[in-house]
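**Q** We have chain A already, so just place chains B and C on it with the hints.
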Amino acid sequence: MLTAQGITVRYGDKTVVDGVSFSLREGEWLMLAGPNGAGKSTLVSALSQGAAYAGKIELDGRDLRAYKPSELARKVGVLSQGHEAGYAFTVEEIVSLGRYAYRGGFLSGRDKDGEKRINQALADTGMDAMRKKSVLTLSGGEMQRAFLAQVFAQSPQILLLDEPANHLDLIYQKHIFSLIRDWLSLPGRAVLSVVHDLSLAKRYGTDAILMSGGKAVAQGGINAVFTPENLDRVYGMDVYGWMRDSLKQWE
Amino acid sequence: MKSERFRWYTYGLFSLALFGAMLLCVCAGSVSVPAGDTLSVLWNALCGKPSPDGISGAIILSVRLPRVFCVALIGAALSLCGAAMQGLLRNPLADGSTLGVSSGASLGAVMAIAFGVSIPSLPYAGTMAMAMLFAFLSLMLILFLAYLLDKSLSTSSIILIGVIFSMFASSVISLIIAFAGEKLKSITFWTMGSLSGSNYAYALILALALLICGAVILRCSQELNAFAVGEDNARSVGVPVRRVKLTILIAVSVLIGISVSVGGTIGFVGLVTPHIARMIVGPNHKKLLPASMFSGAVFLLLADLVGRTLVSPIELPIGVVTSLVGSVIFVIVFYKNRRKG
Amino acid sequence: MLRKSVSILLLLAILLSASFALADGAGITVTDMKGREITLDKPATRIVALTAADCEILCALGAGDTLVGRGTYCDYPESVLEAPAVDSGAGTNVEQIIALEPQVVLMNTMAQTLEQVEALENAGIKVVVSEATDIASVYEAIGLIGALTGKNAEAGEMVAEMQAAFAEITANSENAGKTVYFEVSPLQWGLWSAGKNTFMDEIATMCGLTNAFADVDGWGEISEEQVLARDPDYIVTITMYYGEGPTPVEEIKSRAGWENLKAVKSDAIFGADSNEISRPGPRLADAARALYEFVGGEAADN
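Residue numbers (our numbering), protein chains in the order written: chain A, 1 to 251; chain B, 252 to 592; chain C, 593 to 894.
Just so you know, the hints here were simulated from the structure itself, not pulled from any lab data.
One side of the interface only, derived from the structure: several residues of chain A facing chain B at Cβ under 7 Å:
hint: 1; residue: V78
hint: 2; residue: A85
hint: 3; residue: Y87
hint: 4; residue: A88
hint: 5; residue: Y100
Using N, Cα and C, we set each Cβ at its ideal position, and we do this for glycine too.
So that you can see chain A by itself, here it is in the shape it has in the complex (with noise of 0.2 Å):
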């Protein structure tokens, strides 16, 4: 569905990321993991069209850029890592904004469809009887899970995530980690996600890019890129050994 080549950004004179490539395919589920800095989120910025980037992103055959922002919105929801909404609105108009770009024109029809989405959105994850909320008066995974129910809402084929786990606590990990599953499930779909806790993207992820530097230094299945050596070089550390240790403490 996506496939990006050669991906370059650089700001001013510092190369965040360095030529990376990949391919998105159907029923996907791409995990983006390396230490902090690596240029995971800055990728996905290239990727919605929010960073200057050089080489080719193409959706469905089609360059990236030749998209007009409505049209790539039907097709790539982006749930980026922070939300600080300045005003008081409610989870409900935030939410309903996912549905802008169904929107006709001027004169053209309402969007029939988008009463029905935005309440499915908000059943999906869990803000309904916040729905007439204030945002301003949200917690932190309140918030992100409000953003969450907005890209739900604006029915892509792809979704870009960044750090879709930050603030929630361990329910919410575990609900919202199975409604994107639930939500890949259906045909015509892929994921691409920044995660920084390894062990959930070996428990969801289709494929993995193990990012240092701005470079990819190894992708391709979850499992053939999580291996130790992969691991330990990237992070400088005995990746597995950490893992395992902290496991025990629960025996």
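**A** Only chains B and C this time, still in chain A's reference frame:
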């Protein structure tokens, strides 16, 4: 979903309040004209009959009425611009005066007068065109500088640059006035505003500008909602970010430019009234923009009424009244919000 | 004859009250208009004058050659433009003034700070404050400047001439009950008028007119509708004309709602010379004469 826009009766209520304020401002003034006389002058004018004898006809029809129209339109325009910029930049302190756009427009107008920029056969066009152009250029410059300083266009950096730019523009104005000498003696007009030059021609120009630019801005309500949540969010839900931004900035510059060339720099209207409106109707621009326009018109009408009548026969510059009242209201609103949030 | 001797008496009184010019051979001691005593060894030959009126007085006394620097707004008579300009008002620059090596700086207190005055005095420059707020104090300023430059006799003559001019106007004016509205700034920028305690108000009184805005103190922005309601017999505008568009007088006549004013109907609108009528200098007499002729001419027509 059902309450995203105002119902017709809400608009009716707003219009009634605006009409009431306008009527009050036509009836009250520095010279006291009995309300009955005022109404009969208005009624005769509506019916196309000549005014009754005496000075009241001239006062009502030539002085107060055009002024009330201009004041209401400028109030609505500045308030709409403030609301739009506060949404667009996701910055509750944004406004023509805090961002330095008004000073930029003044600079343009002063230059037009000092260097004799005029468009033949269109009496005010040269000044207005320069005011609009400079409003836009200064807005672009301020945003560019703020962007260099801080890519997220945060509240403090953009206001800081706006204030610095305002000072810069004011000093250039002083400089031009010093060199142009007597021709531009009335520096108070450019710093405090004055609406005493109001006439029906100005009111007509303002009304046309507000009709066109207002429609453009109101049509962008949903886009402004997206911007108010965040520019990244706006992009990801499919808003054509650059085009919408440019459209709104141009519309805002035109409105501020025309308002400044008619009434000078009038501060705080665009800052305070959208705040009050937001407290009452919420941040959704589908309601916020119309509510800001109506409340801006009423606010400026009342401020002008105070300026005209408080120390009669002296007239206080409108900018003094709005800044005085506005800053007090602003502090109250600001602290209330802080305590709540 | 009688009038002349009265004015000489008056002049003497003024000379005494201004208490200057004790030329005792050793030097000149004057008291300036802030009550400060200044002593000079001999009449000043290098003077910087920051206000337009002081420049006018200096030149009218025949001491124009002492002017080594002038404020930016000083523009009359044309000869003063030859002296280098220094920033005045809020932008007064002490260094610029010191560089001109004057013996005396003439200024008013409006925009100068004490620090600036001290800095000048530390540089060995005498600072003399002239600050005329009414016609009587203009005489005082003339006497003061005459004493500084050793032109006491000329100063006395000038004051006598001004007094004679004003006295003649006062004696011949028959305008009792007529009102005048002074327009300082046109409608476009907000109407400003001159109220009581202004030179315009004093001149109006000499001409037998009542200032329509005598209830305003000094200059103030007034309501347009007040002008309409007060319906003055005369309008005097001091707006300058720049050779484009309607003249200030035409502009007033064309204002909506003003067409029924007495002054507009009888064409009694006078474009006065703004500098003559607002600067505390010798040309106030010219301004008074011009207004007198205008309203006198009107009276003769009626």
